[in-house]
Each structure stands twice: as C-alpha cells, then as structure tokens.
Amino acid sequence: MNKKIVKLKIKRRDKPDAKAYWQEFTIPYKERLNVIACLQDIQRNPTTQSGESVNPVTWDCNCLEEVCGSCTMLVNGKVRQACTALIDSLEQPVILEPMSKFPVVRDLQVDRSRMFENLKKVKAWVDIDGTHDIGEGPLMSDKVRAQRYALSECMSCGCCLEACPQFSLTNNFMGAATFSQVRLFNLHPSGSMLKEERLEAVMGEGGITDCGNAQVCVEVCPKSIPLTESIADIGRQTTLQTLKNIFMK
Amino acid sequence: MDQRTRDQIHYLILKTHSLTGLIPVGAFLVLHFSINSLRTVGVWPYQISIDIINNLPFLMWIEVGFIIIPILFHSLVGFYIYFSGKPNPFRYNYPHNWMYTLQRISGAIIFVFLVYHLATTVVPKIWYGNIQFAAAPYLIDIMNQEFKTWDGRIIYAVGIIAATFHFSSGLWGFCVSWGLLIGRRAQRNAGYVFALFGLVLAIMGLATVLEFSLHPVGVEATQPG
Numbered sequence: 000m001n002k003k004i005v006k007l008k009i010k011r012r013d014k015p016d017a018k019a020y021w022q023e024f025t026i027p028y029k030e031r032l033n034v035i036a037c038l039q040d041i042q043r044n045p046t047t048q049s050g051e052s053v054n055p056v057t058w059d060c061n062c063l064e065e066v067c068g069s070c071t072m073l074v075n076g077k078v079r080q081a082c083t084a085l086i087d088s089l090e091q092p093v094i095l096e097p098m099s100k101f102p103v104v105r106d107l108q109v110d111r112s113r114m115f116e117n118l119k120k121v122k123a124w125v126d127i128d129g130t131h132d133i134g135e136g137p138l139m140s141d142k143v144r145a146q147r148y149a150l151s152e153c154m155s156c157g158c159c160l161e162a163c164p165q166f167s168l169t170n171n172f173m174g175a176a177t178f179s180q181v182r183l184f185n186l187h188p189s190g191s192m193l194k195e196e197r198l199e200a201v202m203g204e205g206g207i208t209d210c211g212n213a214q215v216c217v218e219v220c221p222k223s224i225p226l227t228e229s230i231a232d233i234g235r236q237t238t239l240q241t242l243k244n245i246f247m248k
Numbered sequence: 000m001d002q003r004t005r006d007q008i009h010y011l012i013l014k015t016h017s018l019t020g021l022i023p024v025g026a027f028l029v030l031h032f033s034i035n036s037l038r039t040v041g042v043w044p045y046q047i048s049i050d051i052i053n054n055l056p057f058l059m060w061i062e063v064g065f066i067i068i069p070i071l072f073h074s075l076v077g078f079y080i081y082f083s084g085k086p087n088p089f090r091y092n093y094p095h096n097w098m099y100t101l102q103r104i105s106g107a108i109i110f111v112f113l114v115y116h117l118a119t120t121v122v123p124k125i126w127y128g129n130i131q132f133a134a135a136p137y138l139i140d141i142m143n144q145e146f147k148t149w150d151g152r153i154i155y156a157v158g159i160i161a162a163t164f165h166f167s168s169g170l171w172g173f174c175v176s177w178g179l180l181i182g183r184r185a186q187r188n189a190g191y192v193f194a195l196f197g198l199v200l201a202i203m204g205l206a207t208v209l210e211f212s213l214h215p216v217g218v219e220a221t222q223p224g
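For the record, the sequence lines run as chains R and P.
Count the first sequence with numbering that gives the first Met the number 0 and you get residues 0 to 248, in order.
Count the second sequence with numbering that gives the first Met the number 0 and you get residues 0 to 224, in order.
Treat the hints with caution; some may be incorrect.
Stated by the list, open to error - Only pairs whose alpha carbons sit at most 25 Å apart, straight line, appear in this in silico DSS-like list of lysine-lysine:
{"#": "1", "chain 1": "P", "residue 1": "Lys85", "chain 2": "R", "residue 2": "Lys18"}
{"#": "2", "chain 1": "R", "residue 1": "Lys194", "chain 2": "P", "residue 2": "Lys85"}
{"#": "3", "chain 1": "P", "residue 1": "Lys85", "chain 2": "R", "residue 2": "Lys77"}
{"#": "4", "chain 1": "R", "residue 1": "Lys18", "chain 2": "R", "residue 2": "Lys77"}
{"#": "5", "chain 1": "P", "residue 1": "Lys14", "chain 2": "R", "residue 2": "Lys122"}
{"#": "6", "chain 1": "R", "residue 1": "Lys10", "chain 2": "R", "residue 2": "Lys29"}
It should be emphasised that the hints constitute simulated quantities derived from the structure, not laboratory data.
Turn these sequences into a full structure, and let the hints steer you where they fit.
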C-alpha cells in the first residue's frame with residue numbers, strides 16, 4: 000500500500016432525488032487518519048483525482064468517538080461509523096457510500112428520522128409526569144440495571160437496520176434497534192407501566208413478526224448490544240400478550 | 000379495514016405461519032419419514048403401515064385439514080415472506096445470514112418438489128380409485144419406477160435435504176420467534192440440537208431412497224379376513 004497518499008472513492012448525490020455519481024479523491028497520507036479526517040481534508044481542497052474542482056463532499060458527524068452514531072455510512076461496502084474507520088486498517092481506495100436503507104439528503108448524509116418515528120410509536124420513554132406528585136418509582140435490581148445498561152448504549156446509528164435483509168427503504172419494518180428499546184423500557188419498573196402499549200405497537204405490519212432471524216444486526220452493532228436476545232425476548236413478550244388477549248380478556 | 004385490524008391480522012398470520020411449520024406440517028414430515036423408513040426394514044412392515052393409513056376413517060378430511068390446507072397456508076405466507084426480504088449474505092457474510100437465505104431458497108425448492116410429489120403419488124392414487132388395500136401395491140409400484148432412474152433419485156434426494164434443512168432450521172426459528180430461546184448460548188446450543196435432529200431425519204429419508212433404489216420389490220394387495 001502506498002503510504003504517501005490516501006485514495007478515496009465517494010458516491011455522491013447533489014440533492015435527494017438527483018442521480019448518484021462517483022468521484023475519486025487523493026489526499027496526502029498522515030499517520031492515524033480516520034475517514035472523517037480524510038473528508039475534512041477534501042473539504043479544504045475539493046479537487047478530484049483528475050484535477051476537477053468540485054463542490055465539497057458533505058457528511059454528518061458529531062462526537063468523533065463512536066457514541067453519537069451520526070457519521071454512520073458504508074465504508075468499503077460495510078456499514079460502520081466513519082470516525083472509528085481508521086485508514087491504516089482499510090483497503091484502498093477507500094470506498095464511501097451513504098447508507099442505502101435511508102433517504103439520502105446529500106452525498107453521505109442520510110435522513111434517519113424513521114428511527115425516531117419508530118421510537119415514538121413504541122413510546123420509548125418512562126412516564127414520570129402527572130398532574131400531581133406521583134412519588135418515587137419502585138426499586139430496580141442491580142441485575143436488571145446491568146441488563147438495561149447494555150441496551151441503553153444504543154445510539155440510533157442504524158447499522159442494524161442497514162445490514163438487515165428485512166429492512167428496506169420502502170417497507171415499514173421497525174428493526175432491531177426499535178425492538179431493543181421496547182425491551183429496555185419494558186424492563187424499567189416504572190417504564191413497564193406502558194408495557195402493553197409498547198407491545199401492541201410492535202404487533203403489526205412492520206413489527207416483530209417481520210424479523211427473519213438473519214441475525215446480521217447483532218454482528219454489525221458497534222456497541223455490541225445483544226439485539227438478537229432483545230428480539231427473542233420481545234417475541235416472548237408478544238406471545239404472552241397474545242395469549243392474554245385471547246384467553247384472559 | 001382500519002389499520003389496527005390489519006395489524007392484528009398481519010401479526011396473527013405470521014405468528015401462525017411459524018407455528019404451522021411445526022404443527023402440523025413439521026409433525027407430519029417426521030411421521031411421513033418415520034413410516035417410510037420402515038421400507039429399510041422390509042417391504043412387509045412398510046405395506047402394513049400404508050394399509051393402516053389408507054384405511055383410516057375420515058382419511059380425506061385428515062389429509063385436507065391437517066396436511067393440504069396447513070401446507071398451502073404455510074407456502075402462501077412463505078412466498079409473501081420470500082418476497083418481503085432481500086438477502087445479502089455476500090455483503091454480510093455471517094453463518095446466520097446464510098441460514099436466513101437458505102431457509103428461503105429451501106422453502107421454494109420444497110414447494111416445487113411437493114407439487115411434483117403430490118402429482119405423481121396421491122393425485123393419481125385418488126384419480127384411479129386405488130384406495131384402502133389397493134393403495135399400497137399401487138404406491139409402492141410408483142416408487143419402484145421412480146427410483147429406477149437417477150432423475151427420480153436426485154429429485155427425491157434434493158427434496159429430502161431441502162425439507163429436513165427447512166424443518167430443523169425453521170424449528171429453531173420458531174423457538175426464537177415465539178420467545179422460547181432467548182439467550183445467545185441457549186440459541187446456539189439449541190441450534191446444534193436441531194441440526195443433529197435434521198441430520199437424523201435426512202439420513203432416514205436418504206436411506207429409504209437408497210433401499211428403494213437397491214431393492215425394488217413389488218407387492219400384492221393385502222386380502223382382508
């Protein structure tokens with residue numbers, strides 16, 4: 000590998016409905032470069048490999064330490080965060096594409112509001128407000144606390160959805176991230192008061208039954224969240240809810 | 000129909016699809032393979048078992064209600080599932096992603112195989128009225144002819160392997176979807192158990208094909224009394 004330069008091939012799109020096209024860029028090599036630093040370099044001097052002056056490439060990023068999820072994109076064909084994609088460990092040319100399962104805004108930026116809408120649908124919060132002081136909630140065991148901590152690490156980056164064969168740009172599948180949040184809030188002693196409503200929200204088209212158990216979600220999750228356990232657990236919770244709906248109501 | 004009703008129907012159909020793969024379709028598969036494997040012991044116990052089945056009261060209702068309708072339901076919903084996903088095992092090359100892909104492919108193969116299997120056995124059996132004690136010699140003769148050629152042997156070997164894979168992998172899928180297997184270790188260990196189960200079923204099926212191919216024996220109809 001030539002250490003003096005870094006070659007990048009970027010899939011670009013000028014506006015949401017415009018046609019995508021590829022451009023290649025070459026930037027000087029520095030030690031410990033990550034993909035974001037390369038994009039910043041291109042931004043300073045947006046000239047393609049063939050010398051053509053172009054608009055700078057746009058992308059999303061924020062924390063630069065893999066906890067916000069906003070720089071998620073396809074790096075060499077696989078979904079991951081660009082901030083922790085280190086050039087030294089990547090094959091060149093480094094191929095950058097926007098996520099394919101979310102609508103592209105421009106270049107490498109995508110609109111992931113579908114994830115937020117799903118979190119709203121499943122009421123991914125703990126209700127604590129009342130018209131009066133509703134007092135303290137029940138205690139949580141340390142075991143449940145630890146279990147919830149792992150689930151709470153989800154940053155809604157969308158890796159699990161991008162890699163999922165059941166999730167597409169056009170269907171309404173909710174996907175692993177959403178189901179895991181249902182589990183997270185159903186595990187909370189106060190949050191469990193909305194348990195039935197959350198389960199009803201995932202018992203329909205695009206809900207838990209649309210999971211095909213390909214288990215790619217858990218493989219690509221940058222936070223190693225036990226997503227497949229969450230899916231199976233929501234499977235159990237919805238099964239029990241169904242039995243309750245049929246035989247106990 | 001309002002969205003809530005649609006959602007409830009969707010949920011129940013898909014949950015039932017998973018269950019029908021186990022009961023009655025999977026249960027029938029195990030029964031079918033077990034009885035057919037009697038052929039490896041001898042043609043006589045095999046013929047008795049066919050005689051018993053073909054003299055069952057309400058046989059037509061059992062066949063339609065517990066076999067044909069559940070298989071058709073499982074297949075129709077299966078094709079809906081087949082076209083609802085887009086497999087990506089080459090891009091995301093993980094074992095379970097391959098299982099996901101193979102589960103869909105094997106389902107489609109089994110459907111084609113079943114059309115052939117029914118059209119060459121049960122359908123002519125009923126069409127020509129070879130029922131009760133006349134069924135065994137008629138069906139055994141069909142199978143003897145079938146396994147004389149490599150075409151027949153290969154068609155059945157493919158069908159048997161696809162069906163046993165689909166069933167054992169689907170059994171695992173059912174346990175995960177219905178929430179019986181939650182932990183990662185539980186899912187992995189059960190996976191090994193189901194794989195072994197599938198392997199045993201496949202061997203039973205292939206041994207039956209082998210026995211038919213090596214020793215094609217015709218039989219006379221059992222005379223009651």
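Consistency of the hints with the structure:
1. P:Lys85 to R:Lys18: holds (23 Å)
2. R:Lys194 to P:Lys85: With Cα atoms ~31 Å apart, Lys194 of chain R and Lys85 of chain P exceed 25 Å; violated.
3. P:Lys85 to R:Lys77: With a Cα-Cα distance of about 16 Å, the restraint between Lys85 of chain P and Lys77 of chain R holds, given a limit of 25 Å.
4. R:Lys18 to R:Lys77: Given that 25 Å is the threshold and the Cα spacing comes to 22 Å, the pair holds.
5. P:Lys14 to R:Lys122: holds (23 Å)
6. R:Lys10 to R:Lys29: holds (23 Å)
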